[in-house]
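> Here are the chains, one letter per residue:
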Amino acid sequence: MLLYLFALLVATSTAVLIFAGGLVTSTGSGLSVPDWPTTYGWFMFTFPLDKMVGGIRYEHTHRLIASTVGFLIVILAVWLWRAEPRAWVRRMGYVALAAVVTQGILGGITVLWYLPDLVSIAHAGLAQLVFCLTISIALVLSPGWKSAYEPSRAVKARAAYNGDPVLQRIALATTILIYVQILAGATMRHTDAGLAIPDFPFAFGRLIPPVWDAKIAIHFAHRVGALIVASMVIATTGHALYHHGRRGELRRPSILLLALVAVQITLGALTVLSGKQFIINSLHVVTGAAVFGTSLVLTLRAHRPRFAFDAAPRAYGSAA
Amino acid sequence: MSGRFSIRCLSAAMTVALLTAACGGGQPDSSTPAATGAPATPPTTIESATAATVTGKISFAGTAPAAAPIKMTSDPNCAQPGAPPATTEAFLVGSGGELQNVFVYVKDGLGNRTFAAPSTPVVLNQQGCHYLPHVLGIQVGQPLEIRNDDATLHNVHALATQNAEFNQGQPLKGMKNIHTFTTKEVMVPFKCDVHGWMNSFVGVLDHPFFAVTGADGSFALKGLPPGTYTIEAWHEKLGTQTQMVTVGEKETKDVAMTFKL
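So the sequences go chain by chain: A and B.
In this text, residue positions in the first sequence follow my numbering: the first is 1, and each later residue adds one.
In this text, residue positions in the second sequence follow my numbering: the first is 1, and each later residue adds one.
Hint data in this document are derived by calculation from the structure and do not stem from the laboratory.
No experiment lies behind these values; they were computed from the predicted model shown.
The beta-carbon is built from N, C-alpha and C at its ideal position, and this holds for glycine as well.
Please note that a few of the clues may not be correct.
Straight-line Cα separation of at most 20 Å, PhoX-like style, residue types lysine-lysine; simulated pairs [to be verified]: (1) A:K215 - A:K276; (2) A:K51 - B:K176; (3) B:K71 - A:K51; (4) B:K253 - B:K107; (5) A:K276 - B:K71; (6) A:K51 - B:K173; (7) B:K222 - B:K253.
Covered, in the sense of this in silico footprint (three residues per stretch, anywhere, with C-beta under 8 Å from a C-beta of chain A), are these stretches of chain B [claimed, not checked]: (8) 70-82; (9) 160-168.
Produce the complete structure using the sequences and hints provided.
Spelled out as structure tokens, the structure:
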């Protein structure tokens with residue numbers, strides 16, 4: 001149980017890190033600390049607090065939180081290695097560790113190379129994957145997952161029961177689409193196309209932009225992506241609620257996902273209408289992560305029957 | 001996965017993590033080596049007896065956007081005691097339409113002449129969280145001395161496209177960095193990412209015939225060899241204008257350009 005709670009803490013801190021990263025890009029502070037891994041020549045953790053001014057507050061705070069998250073993931077990986085009986089879960093810990101190390105290196109490279117678009121987009125994309133890994137680890141350590149959400153006798157009796165294949169496929173497709181949409185958002189963000197279409201819900205007063213360039217195309221693709229994702233989320237959650245409304249482990253993330261998508265679209269609109277106000281803009285980034293994470297939880301829970309009821313009580317008893 | 005393999009995997013990942021923390025780029029070299037901008041042919045000597053001058057005035061017609069106040073609350077060290085409230089510097093227009101901070105230079109007409117770069121540095125100062133001057137010119141190979149006169153940190157970020165981009169930290173008051181440009185570029189924007197309102201523009205040329213208009217909108221390009229030249233005026237918001245001018249020996253010609261929004 002303790003390991004599960006710790007994994008939850010790691011996942012939460014990763015979300016905080018994504019918000020802090022959003023603040024860095026939203027305030028244009030990415031290069032306010034020109035060196036890495038030092039900060040103006042200081043060792044990162046000894047940088048004087050009174051020098052945290054202007055853009056440095058965002059960039060240096062992001063680095064401190066990132067270091068903390070990295071350290072927490074090291075602990076999580078070691079803890080899993082020492083205490084987790086399922087080899088595939090231990091492997092998830094190693095992958096999370098490798099991902100967060102890579103993420104740190106990408107963060108450094110993007111500063112030293114003056115924020116090249118490709119590296120910055122990769123940094124944003126990998127951040128979401130690290131978040132997704134920490135959420136997955138927390139989920140598979142949860143008591144609910146371990147008990148396979150207390151399947152009824154009837155379900156247990158059906159040895160070949162593999163869950164609802166429609167829900168599994170549509171939820172997986174939705175999660176993948178959300179990630180693609182996040183990458184489109186990161187591309188828009190790092191190519192400075194966030195206000196390429198300055199009005200909302202229309203584009204230059206029309207449904208389709210009357211003029212086109214690369215930035216307008218990227219921006220419009222993100223809007224179209226939002227429509228597709230929203231449709232997929234409605235289809236997935238509608239299916240889950242209609243067919244599995246009594247199963248709390250599917251009902252709760254479905255309702256949450258619907259609410260988060262509504263909030264996310266609102267934040268996206270406000271980002272444009274406010275001229276990219278930095279708090280709204282950053283909330284849009286972290287809510288995107290929350291949408292992704294919630295959809296992932298729904299997908300994994302939908303797939304839970306496909307995982308073996310592997311030696312649950314005996315093995316898990318000593319794990320946490 | 002076997003336990004031994006797990007240990008190896010974890011050890012390798014942690015080693016990478018430690019190396020990542022221990023290594024890295026560190027702060028970029030604060031002083032760029034002198035440019036290899038030495039002219040291939042002997043530098044041109046301008047005979048003062050025949051040198052011509054192009055003078056002129058740059059104006060703005062219409063209503064210029066009012067200077068907006070700058071909020072410097074993100075860094076209390078920026079406020080200058082007794083100084084007037086800081087405002088944006090993009091449009092500095094006199095009562096008669098005189099346009100300040102226009103970079104005026106000879107764009108074309110010098111042929112294959114080459115000019116030696118002065119060894120005297122051009123100074124770009126950071127004072128009160130402003131770049132001083134806001135617009136300046138420099139020759140390829142001439143040292144640019146970047147100073148921090150503020151009791152706060154600045155990063156000096158040159159967003160060059162023809163020259164090498166650089167981003168140097170100046171965390172302490174009194175710090176100086178020397179930089180030289182290797183090729184001509186009009187203009188190189190400078191910015192401080194710590195203080196988002198700080199920006200400056202540097203015109204880099206391979207000759208000395210450039211000037212920046214003052215508060216009266218005037219400029220003078222002195223010491224020109226007689227000939228026909230394309231004069232370009234550049235403004236950070238209003239773009240560029242060009243004009244042809246022909247000057248004879250010891251002649252002074254006047255050029256006037258007017259920008260509009």
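> Counting residues of the region 160-168 of chain B whose CB is closer than 8 Å to a CB in chain A, do you get three or more?
This one holds; 3 residues, not fewer than the three required, reach chain A with a Cβ under 8 Å.
> Has the given pair, A:K51 with B:K173, been kept, meaning a C-alpha gap of at most 20 Å?
At roughly 12 Å apart (the allowed maximum being 20 Å), B:K173 and A:K51 satisfy the hint.
> Within 20 Å, alpha carbon to alpha carbon, are B:K71 and A:K51?
Judged against 20 Å, a Cα distance of about 18 Å means the pair holds.
> Has the given pair, A:K276 with B:K71, been kept, meaning a C-alpha gap of at most 20 Å?
It holds: about 18 Å lies between the C-alpha atoms, which stays within 20 Å.
> Run the distance test for A:K51 versus B:K176: straight-line Cα separation, threshold 20 Å.
holds (19 Å)
> Has the given pair, B:K253 with B:K107, been kept, meaning a C-alpha gap of at most 20 Å?
Holds: B:K253 and B:K107 sit about 17 Å apart, inside 20 Å.
> Checking C-beta pairs, does the region 70-82 of chain B have three or more residues closer than 8 Å to chain A?
holds (count 4)
> Assess, step by step, whether the Cα of A:K215 is no farther than 20 Å from the Cα of A:K276, and give holds or violated.
holds (15 Å)
> Going straight from one Cα to the other, do B:K222 and B:K253 come out at no more than 20 Å?
holds (11 Å)
Consistency with the previously given hints is maintained throughout, with no hint failing.
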